[in-house]
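Novice: Go ahead and model the full structure; you've got the sequences and the hints to work with.
Note that the protein sequences, when read in sequence, are chains F, H and A.
Per the working numbering, the very first residue in the first sequence carries number 1; after that it's consecutive.
Per the working numbering, the very first residue in the second sequence carries number 1; after that it's consecutive.
Per the working numbering, the very first residue in the third sequence carries number 1; after that it's consecutive.
Some hints could be false.
What the hints assert, rightly or not - Simulated coverage check for chain F against chain A, where a stretch passes if three residues somewhere in it have a Cβ under 8 Å from a Cβ of chain A:
#1 22-28
#2 128-138
#3 211-220
As the list claims (entries may be wrong) - A short list of chain H residues far from chain A (calculated; beta carbon distances all over 10 Å):
#4 G45
#5 R98
#6 R143
#7 D155
#8 E190
#9 L206
FYI, nobody ran anything at the bench for these hints, they're computed from the structure.
The C-beta atom is built at its ideal place from N, Cα and C for all residues, glycine as well.
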Amino acid sequence: MTLDINWRRWRLVAFGGFIVSAILFVAIFANVVAPYSPYDLDVANMLAPPSGAHLLGTDELGRDVLSRVIYAARISMMVAVLASMVGLIFGTIIGSVAAYFGGWVDMVLMRFMEVLFSFPAILLAVVLMAALGTSVVNSMIAIGIIFIPGFARLARAAAIDVLRKQYVESARAVGMSNTRILVREILPNIFAPLLVEAAVAFSYAVLLESALSFLGLGAQPPEPSWGNMLNVGRGFMANAAWLSLAPGMAIFLTVLGFNTLGDGLRDAFDPHLRD
Amino acid sequence: MQDIRKHAQGAAGPTLSIRNLTVSFAGRRQLVQAVKNVSLDIWPGEIVGIIGESGSGKTMTALSAIRLLPHKAQVEGTIHLGERDVLSYTEKQMRALRGDRIAMIPQDAMQSLNPSMRIGRQVGEPIELHRKDSASRIKTRVRELLASVKIGDTDQRMQEYPHQFSGGMQQRAMIAMGLALDPELIIADEPTTALDVTVQAEVLRLLREIRDNTGTSIAFITHELGIVAELCDWVYVMNKGEVVEQGCVDQIFNDPQADYTRMLLDATPSIHGPRDEVPNV
Amino acid sequence: MLKVIFWRLIAFAFTLLVASAILFVTINVVPGSAAKAALGIDATPQALARFNAQNGLDQPLIIQYTAWLGQVLQGDFGHSFQNSVAVGPEVLRRIPVTLELAVLAFIVANLIAIPLGTLAAMRHQRGLDRGVTGFATILGAVPNFWLATLLVMVFTLKWRLLPASGFTPFSEDPIMNLKQMIMPALSLGIISSALLIRIMRASMIEVLSADYVRTAYAKGASEKIAVLRHSMRNALTPYVNVAAVEFGFLFGSVVIIEDIFLLPGIGSFVLVGIINRDYPVLLAAALTITVVVLIVNLIVDLLVSMLDPRSTAKH
Numbered sequence: 001m002t003l004d005i006n007w008r009r010w011r012l013v014a015f016g017g018f019i020v021s022a023i024l025f026v027a028i029f030a031n032v033v034a035p036y037s038p039y040d041l042d043v044a045n046m047l048a049p050p051s052g053a054h055l056l057g058t059d060e061l062g063r064d065v066l067s068r069v070i071y072a073a074r075i076s077m078m079v080a081v082l083a084s085m086v087g088l089i090f091g092t093i094i095g096s097v098a099a100y101f102g103g104w105v106d107m108v109l110m111r112f113m114e115v116l117f118s119f120p121a122i123l124l125a126v127v128l129m130a131a132l133g134t135s136v137v138n139s140m141i142a143i144g145i146i147f148i149p150g151f152a153r154l155a156r157a158a159a160i161d162v163l164r165k166q167y168v169e170s171a172r173a174v175g176m177s178n179t180r181i182l183v184r185e186i187l188p189n190i191f192a193p194l195l196v197e198a199a200v201a202f203s204y205a206v207l208l209e210s211a212l213s214f215l216g217l218g219a220q221p222p223e224p225s226w227g228n229m230l231n232v233g234r235g236f237m238a239n240a241a242w243l244s245l246a247p248g249m250a251i252f253l254t255v256l257g258f259n260t261l262g263d264g265l266r267d268a269f270d271p272h273l274r275d
Numbered sequence: 001m002q003d004i005r006k007h008a009q010g011a012a013g014p015t016l017s018i019r020n021l022t023v024s025f026a027g028r029r030q031l032v033q034a035v036k037n038v039s040l041d042i043w044p045g046e047i048v049g050i051i052g053e054s055g056s057g058k059t060m061t062a063l064s065a066i067r068l069l070p071h072k073a074q075v076e077g078t079i080h081l082g083e084r085d086v087l088s089y090t091e092k093q094m095r096a097l098r099g100d101r102i103a104m105i106p107q108d109a110m111q112s113l114n115p116s117m118r119i120g121r122q123v124g125e126p127i128e129l130h131r132k133d134s135a136s137r138i139k140t141r142v143r144e145l146l147a148s149v150k151i152g153d154t155d156q157r158m159q160e161y162p163h164q165f166s167g168g169m170q171q172r173a174m175i176a177m178g179l180a181l182d183p184e185l186i187i188a189d190e191p192t193t194a195l196d197v198t199v200q201a202e203v204l205r206l207l208r209e210i211r212d213n214t215g216t217s218i219a220f221i222t223h224e225l226g227i228v229a230e231l232c233d234w235v236y237v238m239n240k241g242e243v244v245e246q247g248c249v250d251q252i253f254n255d256p257q258a259d260y261t262r263m264l265l266d267a268t269p270s271i272h273g274p275r276d277e278v279p280n281v
Numbered sequence: 001m002l003k004v005i006f007w008r009l010i011a012f013a014f015t016l017l018v019a020s021a022i023l024f025v026t027i028n029v030v031p032g033s034a035a036k037a038a039l040g041i042d043a044t045p046q047a048l049a050r051f052n053a054q055n056g057l058d059q060p061l062i063i064q065y066t067a068w069l070g071q072v073l074q075g076d077f078g079h080s081f082q083n084s085v086a087v088g089p090e091v092l093r094r095i096p097v098t099l100e101l102a103v104l105a106f107i108v109a110n111l112i113a114i115p116l117g118t119l120a121a122m123r124h125q126r127g128l129d130r131g132v133t134g135f136a137t138i139l140g141a142v143p144n145f146w147l148a149t150l151l152v153m154v155f156t157l158k159w160r161l162l163p164a165s166g167f168t169p170f171s172e173d174p175i176m177n178l179k180q181m182i183m184p185a186l187s188l189g190i191i192s193s194a195l196l197i198r199i200m201r202a203s204m205i206e207v208l209s210a211d212y213v214r215t216a217y218a219k220g221a222s223e224k225i226a227v228l229r230h231s232m233r234n235a236l237t238p239y240v241n242v243a244a245v246e247f248g249f250l251f252g253s254v255v256i257i258e259d260i261f262l263l264p265g266i267g268s269f270v271l272v273g274i275i276n277r278d279y280p281v282l283l284a285a286a287l288t289i290t291v292v293v294l295i296v297n298l299i300v301d302l303l304v305s306m307l308d309p310r311s312t313a314k315h
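Specialist: In structure tokens, the structure reads:
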């Protein structure tokens with residue numbers, strides 16, 4: 001309502017944006033930023049507490065924890081980006097097809113989406129991983145599938161809105177084909193709300209990916225991921241707490257960054273939601 | 001002018017006396033004054049109309065008396081309810097006054113009744129909050145109150161919820177609630193705006209009866225000149241936070257002094273002067 | 001009303017059918033792996049074929065599904081590939097564990113969310129409100145399995161107050177049972193409260209600005225009475241809808257927490273099924289969780305349409 005509150009909002013967006021860009025930077029330039037290789041064993045230096053040489057200590061095989069956390073950011077970001085893309089692309093297609101054709105196509109597609117939506121996310125992810133087999137790529141697919149119904153709903157609502165507008169009717173009138181109308185006229189116009197949803201999906205993907213690899217269903221050792229590092233850390237909680245603290249903190253900051261950024265973006269696109 | 005009224009009322013002092021009241025809100029850059037240097041009096045047994053368009057500060061002025069303004073409001077001036085210096089009161093002292101010595105009848109009765117509480121409990125709540133009466137005594141009083149605002153079948157009605165009441169009955173229930181403890185002053189904030197014309201007339205007649213029977217003072221806030229003409233003894237005309245004119249109803253209608261009052265009268269062509277009686281419906 | 005219930009039930013049955021089909025097809029879509037898992041990598045092709053034939057795994061999926069569904073509808077969840085134990089009774093044994101965990105976590109979440117959300121709403125846009133909102137934002141970013149780890153570090157390793165894991169039935173030793181349940185319930189409940197705090201706050205802010213709350217103040221009510229007597233019930237009505245859905249969600253997200261704290265519930269049964277490639281186990285466990293979640297959602301749906309203030313108020 002007042003300037004003061006807007007400013008507060010922007011501070012949050014800036015905060016989220018800062019964390020997100022920092023993590024993306026670290027993920028992209030992991031090989032430059034990380035002080036050590038995430039795989040190099042150092043048997044003489046197992047479970048060393050944080051020190052000048054190893055800022056976050058070393059793990060049970062003497063690997064540098066900081067470097068592993070940094071490389072794990074890569075996997076986490078990759079899964080988050082690609083899973084959101086899978087959800088975004090398939091969801092948009094399904095949603096806009098349902099909206100465009102309406103009738104029984106709409107009915108069948110959206111009923112199916114609703115059923116998919118009603119599964120608890122983590123359960124569906126786990127079952128999908130069981131079917132697909134454990135790997136980073138598969139966790140990406142599994143998480144992406146979970147996102148499809150959400151995007152489909154949003155795309156359908158947005159597409160129905162767009163379809164009411166003049167330019168789609170005029171496209172029909174000049175005899176454009178269905179596919180052409182979908183791709184040329186509808187998709188570009190429903191992208192903004194979908195991008196906001198993608199930002200939110202991102203942070204959820206980070207959580208789900210870490211959950212899957214925590215259960216041993218995602219990234220497999222020795223590949224570092226925040227989830228599997230936390231899982232290993234559980235075995236050394238008593239004498240090497242840093243193994244549990246560092247990756248947990250990484251997940252926390254990443255999710256926090258994306259959530260604040262997503263909230264801020266949502267407000268920017270939809271001023272009605274502001275306090 | 002004040003003197004004429006004082007003699008006319010022949011009372012010891014006004015029920016409500018507001019002096020130099022200014023209500024302001026901190027805006028982005030500067031203070032926005034919603035009420036500017038307003039002074040007004042309401043004498044015992046008097047029905048005083050405060051008339052103005054929305055945004056004229058009439059509701060803010062009235063809410064100041066019961067101290068229910070938004071937290072951010074800054075209030076200057078003095079407000080006396082009888083001998084009590086209301087603005088110097090603590091929140092706890094104010095609570096003891098609200099619903100007991102000053103009551104409020106709001107604009108929208110349906111929104112102002114708690115949807116999940118029985119009417120009987122809501123009407124009796126001022127008594128419950130201010131007196132240590134037994135439940136059965138409160139119930140007896142609620143029955144009387146509902147009967148006095150002409151709600152029949154009281155035992156049944158007390159058990160009902162607001163949505164089971166018609167708009168007119170909801171407003172009468174609100175009035176009953178206001179009367180619960182024989183307040184010195186009732187602030188009625190456009191209580192008939194949400195009602196249709198016939199129901200509106202009933203409610204106005206009821207308010208006048210109440211004044212005649214109990215001697216309660218009523219501050220009647222409205223934007224409708226017609227109602228003022230029917231109901232009020234004395235009128236304050238407010239515009240942009242200021243009192244632009246005051247006088248008895250005759251004077252306001254027949255010999256308006258302020259340009260703004262004339263404008264209001266011109267905008268309401270059907271009003272030609274006060275009527276002596278509220279028509280029977 | 002009856003018509004509404006009838007159609008909701010039809011939709012529910014349909015959802016259940018599709019959901020079970022999705023689970024069945026997903027789990028059985030990779031052929032042959034179950035036999036390998038059950039018989040070991042050294043199993044001969046003949047043995048594998050015999051296993052597949054015995055368990056009907058060589059049939060087309062649609063036939064396998066209808067056969068399985070027919071059995072499930074008669075209460076028969078089949079037998080474990082691993083040890084031939086009947087799966088149904090095992091599921092029944094595990095449900096109470098998960099139910100206890102979910103209920104306790106739900107209590108924790110509400111005990112945090114209702115007071116904090118209310119306080120934040122009462123101090124809308126002031127320090128306390130910003131503090132509570134910030135707290136909810138932070139909680140929303142903490143993975144529950146990380147919180148579980150942190151709790152174990154503090155309560156078990158540092159203060160030695162609670163056992164790190166394990167399960168004792170409530171009927172055997174209630175104190176021990178609760179001690180073992182505290183940390184799992186806290187890990188799930190605290191994180192769940194993040195969403196519920198926001199919902200409660202928003203709902204309460206709306207109610208507190210209602211005219212009838214001003215009426216309460218005008219009658220001389222204290223803030224305590226205005227909030228507790230006049231606002232709480234009205235604010236809880238929309239909150240309860242979301243909270244009930246959240247309960248279903250809690251029940252669905254027990255997989256990790258049960259694994260961490262070694263609780264023998266449905267969630268850990270899912271993992272048993274996955275790790276052993278024991279399809280009947282996995283299917284039964286996943287289906288049970290899904291059915292419970294769907295039933296909770298159905299009940300919420302029906303309650304919402306029945307608890308509409310205009311119809312409840314009537315009696």
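Novice: Against chain A, does L206(H) keep a CB gap of more than 10 Å to every residue?
Specialist: The assertion about L206(H) holds, with a minimum of 19 Å to chain A.
Novice: Decide, holds or violated, for the assertion that all CB atoms of chain A are farther than 10 Å from the CB of D155(H).
Specialist: Non-interface label stands for D155(H): nearest chain A Cβ at 16 Å, farther than 10 Å.
Novice: Just double-check R143(H) for me: nearest Cβ-Cβ distance to chain A has to come out over 10 Å.
Specialist: With a cut-off of 10 Å, R143(H) remains clear of chain A, as the shortest Cβ separation is near 19 Å.
Novice: Please settle this one: R98(H) was flagged as non-interface, so is its CB more than 10 Å from every CB on chain A?
Specialist: Incorrect as stated: the minimum Cβ-Cβ distance to chain A is 4 Å, not above 10 Å.
Novice: Any Cβ of chain A at or closer than 10 Å to E190(H), or is the non-interface label fine?
Specialist: For E190(H), whose nearest Cβ neighbour in chain A is about 12 Å away, the distance exceeds 10 Å, so it holds.
Novice: So G45(H) supposedly isn't at the interface. Is its beta-carbon more than 10 Å from every beta-carbon in chain A?
Specialist: Non-interface label on G45(H) holds, nearest chain A Cβ at 22 Å vs cutoff 10 Å.
Novice: Three residues minimum, CB to CB under 8 Å: does the region 211-220 of chain F make the cut for coverage by chain A? Let me know.
Specialist: Since 4 is at least three, the answer is holds.
Novice: Can the region 128-138 of chain F be counted as covered by chain A under the rule of three residues or more with Cβ-Cβ separation shorter than 8 Å?
Specialist: holds (count 5)
Novice: Do at least three Cβ atoms from the region 22-28 of chain F come closer than 8 Å to Cβ atoms of chain A?
Specialist: violated (count 0)
Checked against the numbered hints above, the structure breaks hints 1 and 5 and satisfies the rest.
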